[in-house]
Amino acid sequence: MKLHQLLAIIPFIGLLGGVPFVNKVTPYVFGMPFVLFYIVLWVVITSGIMALVFKMDPANKEEEI
Amino acid sequence: MNTALIIIFGFLALSIFLGVQAQKGKDMSLEQWSVGGRGFGTIFVFLLMAGEIYTTFTFLGGSGWAYGKGGPTYYILGYGCLAYIMSYWLLPAIWKYAKDNNLMSQSDFFVSKYKSPLLGVFVSLVGVVALIPYLVLQLKGLGIIVAEASGGSISSTAAIWIGVIAVTVYVMISGIHGSAWTAVIKDIMILGIVLFLGIYLPIHYYGGFQPMFEAIEAAKPGFLAMPETGLSVSWFISTVLLTALGFYMWPHTFGSIYSAQSSKVFRKNAIIMPLYQLVLLFVFFVGFAAILQVKGLEGADGDLALLKLSMQTFDPWVVGLIGAAGLLTAIVPGSMIMMSASTLLAKNVYKVFVPKATDLQVSKLAKNLVPVVAIIALYFTFKGGDTLVTLLLMGYSLVTQLFPALVFSLAKNNVVTKAGAFAGIAVGVFTVAYITISASTVGTLFPALPQFVKDLNVGVIALIINLVVTFAVSFVTKSATSNNTNERVA
Chain A
1 MKLHQLLAII PFIGLLGGVP FVNKVTPYVF GMPFVLFYIV LWVVITSGIM
51 ALVFKMDPAN KEEEI
Chain B
1 MNTALIIIFG FLALSIFLGV QAQKGKDMSL EQWSVGGRGF GTIFVFLLMA
51 GEIYTTFTFL GGSGWAYGKG GPTYYILGYG CLAYIMSYWL LPAIWKYAKD
101 NNLMSQSDFF VSKYKSPLLG VFVSLVGVVA LIPYLVLQLK GLGIIVAEAS
151 GGSISSTAAI WIGVIAVTVY VMISGIHGSA WTAVIKDIMI LGIVLFLGIY
201 LPIHYYGGFQ PMFEAIEAAK PGFLAMPETG LSVSWFISTV LLTALGFYMW
251 PHTFGSIYSA QSSKVFRKNA IIMPLYQLVL LFVFFVGFAA ILQVKGLEGA
301 DGDLALLKLS MQTFDPWVVG LIGAAGLLTA IVPGSMIMMS ASTLLAKNVY
351 KVFVPKATDL QVSKLAKNLV PVVAIIALYF TFKGGDTLVT LLLMGYSLVT
401 QLFPALVFSL AKNNVVTKAG AFAGIAVGVF TVAYITISAS TVGTLFPALP
451 QFVKDLNVGV IALIINLVVT FAVSFVTKSA TSNNTNERVA
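One line per chain: the protein sequences are A and B, in this order. Residue 59 in the working numbering is what sits at position 59 of the first sequence, and the numbering runs on without skipping anything. Residue 88 in the working numbering is what sits at position 88 of the second sequence, and the numbering runs on without skipping anything.
It should be emphasised that the hints constitute simulated quantities derived from the structure, not laboratory data. Some hints here could point you the wrong way.
To be verified - Distance condition first, Cα-Cα at most 30 Å in a straight line; then the derived BS3-like pairs of lysine-lysine:
id: 1; chain 1: A; residue 1: Lys61; chain 2: B; residue 2: Lys478
id: 2; chain 1: B; residue 1: Lys99; chain 2: B; residue 2: Lys383
id: 3; chain 1: B; residue 1: Lys264; chain 2: B; residue 2: Lys96
id: 4; chain 1: A; residue 1: Lys55; chain 2: B; residue 2: Lys478
As the list claims (entries may be wrong) - Take a look, some chain B residues computed to stay more than 12 Å from chain A by CB distance:
id: 5; residue: Thr73
id: 6; residue: Tyr74
id: 7; residue: Cys81
id: 8; residue: Met86
id: 9; residue: Trp89
id: 10; residue: Thr157
id: 11; residue: Gln210
id: 12; residue: Gly222
id: 13; residue: Met273
id: 14; residue: Gln312
id: 15; residue: Pro316
id: 16; residue: Leu369
id: 17; residue: Ile375
id: 18; residue: Leu445
id: 19; residue: Val476
Don't be surprised by glycine CBs; every beta carbon is placed ideally from N, CA and C.
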């Protein structure tokens, strides 16, 4: 597996693996219950990771028809 | 007619106008009609794909779940996020193969990969069976929205008829081009309305987000997290995974994948989509805001939370705009579903049994099947009761069964054989049907297991059985064929 492909596994681990440990209402972060904040955080991280993957992926350098 | 209704019907007229306008200057071959001549750029593909996600189910159902179920609702954010990651690799591969082989439908993909038109027939039938409840759900939502917004002056039945006729007309005339243009207005409206409601309502009623959540926590401790049993953390994890796998397996989603101009579109979308779906967060906020303001909506009535709260808060014209947005969230996916179902039936079922049908005949038949599909959906809309959500979940579990055969077919050396794909999908579909009809859960099937296993989404079982059978049958049939070739060589 190439590095940019490995990167894409991180959200799976973070989101699914982390939820059992953060399933609580308090503390509130940005006004949201903690578990909701945690999930939203991972959605944002995922977008960032995919931007990185896009940059690193040689497939995007080729001109496509 | 009240102000709200005038606005709703105004938008309906606008969407029909745009839909009909969209086909001008294009010859409506099946390729133009169902996959837009493969000429859609980033924005259209983005809107089409986003359009299929923001359906009435997310608009009314997302807020309804937040209102009635609380914490487990967050799974909706989770599965989309993971599905978009997979889309980065999955969609370009599907798109490229489809373009090289001139595919129009999801079943074409299986036909071409497994060299079996009969597998195509089978996959089409599974697809259509899964699509109908999805369409029914959109129609029910449409009926609820218009009936509620009209304050009872238009019955939900009348509303559904008007909506269906409108969609049928524009789907028949302009196919996917119509859906793409309606998706443009819809997404702008949904974005504006959901953000406004999700921010305004918590502030108006509670003075802010945190005060709102604190008030809910005080009234219903623990409601905002996942419960210990039932829709628990293990339910969350298994459901997010399963739904993420099924995400792109809907036949109508394939239509939007094929419509893209280049595969780079999908890779770009994989960056933006996760952020875009945070809009759903504000849908949840509306549902949460309703908990302490609109009391006593039980069960399926929870879906009314957003509309009820809006009606007791705003002037009729605002309700009209909300209703119009809701109407469009039913129409865009509804039109895509009708189109895919009829393309599947015409091209992958009829054409297989009547091989001498010309392309023109198939294309005509596909368009003429649209009203037929609409009538079938109408029948179930008026007939089916509260079992709708069950049917939708069944639809989701059904299409997920296509995932193994599809993903393995993308590999350079596909280990899955035609017989393996057939057997796996058949067993998976049968298991899903049995589980749904007998209302089984992992807990009822295996009562001795620990609680966290019992809470697993029962679809996991169907998928595991599917995988095992796919590989077992593939292994047997593969060695059989290689033996045959050896014998022939010898």
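Violations among the numbered hints: Hints 1, 2, 4, 5, 6, 7, 8, 9, 11, 12 and 13 not satisfied by this model.
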